Amino acid sequence: MVGALVAGALDAPFWDAWKADESFLLHRCSTCGRHDWPASCCVKHGAGPMVWVPTSGAGVIDTFTIFFHAYMKELASEVPYTVAVVRLDEGPYFHTRIVGVEPQAVKSGMRVRVRKGQGDPFPLFAPE
Amino acid sequence: MTPGSVAIVGMGVTKQGRGLGVTEVELRRQALELALLDAGVERDAIDGYILASHEREDLRYLGLSPNFSWPVQTGGATAPCTFIMAAGAILSGQAEMVACAYGMAPSSGGMPGFGARMSFGSLGYGYPAQVGMIGAASAHALHARWHMDHYGTTSRHMGAVAVQLRNHALNRPDAMTCGKPITLEDHQASPMVVDPFHMLDCCRDTDGGAVFLLTSAERARTMAQKRPVFLLGAGMGHNIGNWHKRDVYAHHDDIAPAAARAFAQAGVSLDDIDTAQFYDPFTISIIMQLEHYGFCKPGQGGPFVASGGIALDGPIPSNTGGGQISGFYAAGFTPLIEAMKQLRGESGATQVRDARLALASGHGLNGGVQNTWSHGTLILGAEA
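Taken in sequence, the protein lines are chains A and B. The numbering of the first sequence is the working numbering, which starts it at 3 and goes up by one. The numbering of the second sequence is the working numbering, which starts it at -19 and goes up by one.
Since the hints were derived computationally from the structure, they do not count as laboratory data. Predicted model, so just to flag it, every value in this text is computed and none were measured. Glycine included, C-beta positions come from ideal geometry on N, C-alpha and C. There could be a bad hint or two in this list.
[To be verified] Far from chain B by the CB rule (all over 10 angstroms, computed), these chain A residues:
| # | residue |
| --- | --- |
| 1 | Ala11 |
| 2 | Phe26 |
| 3 | Gly111 |
[As the list claims (entries may be wrong)] Derived list of chain A stretches under chain B, where covered just means 3 residues or more per stretch with a C-beta under 8 angstroms from a C-beta of chain B:
| # | region |
| --- | --- |
| 4 | 47 to 59 |
| 5 | 79 to 93 |
| 6 | 114 to 121 |
[Unchecked claim] With a cut-off of at most 27 angstroms between alpha-carbon atoms, the simulated DSSO-like pairs for lysine-lysine come out as follows:
| # | chain 1 | residue 1 | chain 2 | residue 2 |
| --- | --- | --- | --- | --- |
| 7 | B | Lys277 | B | Lys(-5) |
| 8 | A | Lys46 | A | Lys75 |
| 9 | B | Lys225 | A | Lys46 |
| 10 | B | Lys225 | B | Lys277 |
| 11 | B | Lys277 | A | Lys109 |
| 12 | A | Lys118 | A | Lys46 |
| 13 | A | Lys118 | A | Lys21 |
| 14 | B | Lys(-5) | B | Lys225 |
| 15 | B | Lys(-5) | A | Lys109 |
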């Protein structure tokens, strides 16, 4: 996390659920079942059928990058750190930091799951 | 658009460099004077003004009296977008002579009178910035890593791009790195910025201005300008469609619709293009554009460049001024400036012999979680 969390107003249900009990919600179209994140219109069915639903919080690393410099002072102790785009099992991409594994050991295709119990203000992911 | 119905009759390019300490509006004024001189017209000929980004003071300070002033901001794709808007204004009878203007001074940030230190790359990344994803290099690194993992592209392939661009810049006095050669080993030894990019995979912000004057081809033929360049085709695409399809990282941009429209308008094929000038903030950008335009097969961009594919004597001489990485970073105007120079025979040491058709691309305005950019393609010709 860098500084205070800035949560988009449209995503309030996601952040409220994460803060309350670390539930990991996605925005789902109840007509076709497509999941999205953050808050979205279904590309086929618009905003009407979109509801926030609990999901697995798991997926695979689609791609990633490793930071060797702390561009913000809050992250100085984390360098080097990995930012990955996780392809969640329900479909959407999710940008996060990968924890619990050395950056050199991170691989595309690695299965990861949202870390719970650490009080992370922003959901971080670790290898399953 | 009828191919060749719009012409670029004036080009003004100021000094481009690090920390020039010249304000942005003054850079645009200097570029305007050069463009007017180049076109052989007076200020009052300008009846339309299109500005990359937005600013309220330009018309007053530049002494212009056009009928409209349009801001446009789609990041590094703004440059081709200004030409498309100018063509629209000319062909719909709203203007006869449109100035497309750019002037930025990001590397003077922090100087007295220049406000806070800033960078093009650190703005607007939303949620990813909150987990420490800062800057444009990391946004492109995600594509580079995908390409490496999917196709076997290596850091040395990207290094081959860096070395080729530097070789182009070596004898170009208008390039930041003129006279400063690098080797593949220098690339490999340069510090890591964000994996997989070394420092020599990345461009640096520079200050500079550029103004182009566009008019109808009909009027261009009556003007003093002896080397008008013609807008033959244009198209745009946006990679947000691939976000919705969940296929972002295989695509640098959505080039297909931009290229299809531009080539169809121009009535030419890829083989007809004499030189390509790609938007190239990072080495991977050239590799992926070569593939997506079809200059080489998918996944073969690295080996293509390493075997001389974009060299002056290669199949498609590209980024002949050193591009953004070894030339200068004037956003999408860097490739446009070099395409114009090639077609006017002004590229000096890296002039492509008998360059008649040039492709120029723009790419920009990422933000938020989607990591997708707008893309613009222009096909410019020495003849209508």
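We went through each hint and held it up to the structure:
no. : hint                  : verdict
1   : Ala11                 : 13 angstroms, holds
2   : Phe26                 : 14 angstroms, holds
3   : Gly111                : 8 angstroms, violated
4   : 47 to 59              : violated (count 0)
5   : 79 to 93              : holds (count 6)
6   : 114 to 121            : violated (count 0)
7   : B:Lys277 to B:Lys(-5) : 38 angstroms, violated
8   : A:Lys46 to A:Lys75    : 43 angstroms, violated
9   : B:Lys225 to A:Lys46   : 12 angstroms, holds
10  : B:Lys225 to B:Lys277  : 23 angstroms, holds
11  : B:Lys277 to A:Lys109  : 25 angstroms, holds
12  : A:Lys118 to A:Lys46   : 34 angstroms, violated
13  : A:Lys118 to A:Lys21   : 11 angstroms, holds
14  : B:Lys(-5) to B:Lys225 : 43 angstroms, violated
15  : B:Lys(-5) to A:Lys109 : 44 angstroms, violated
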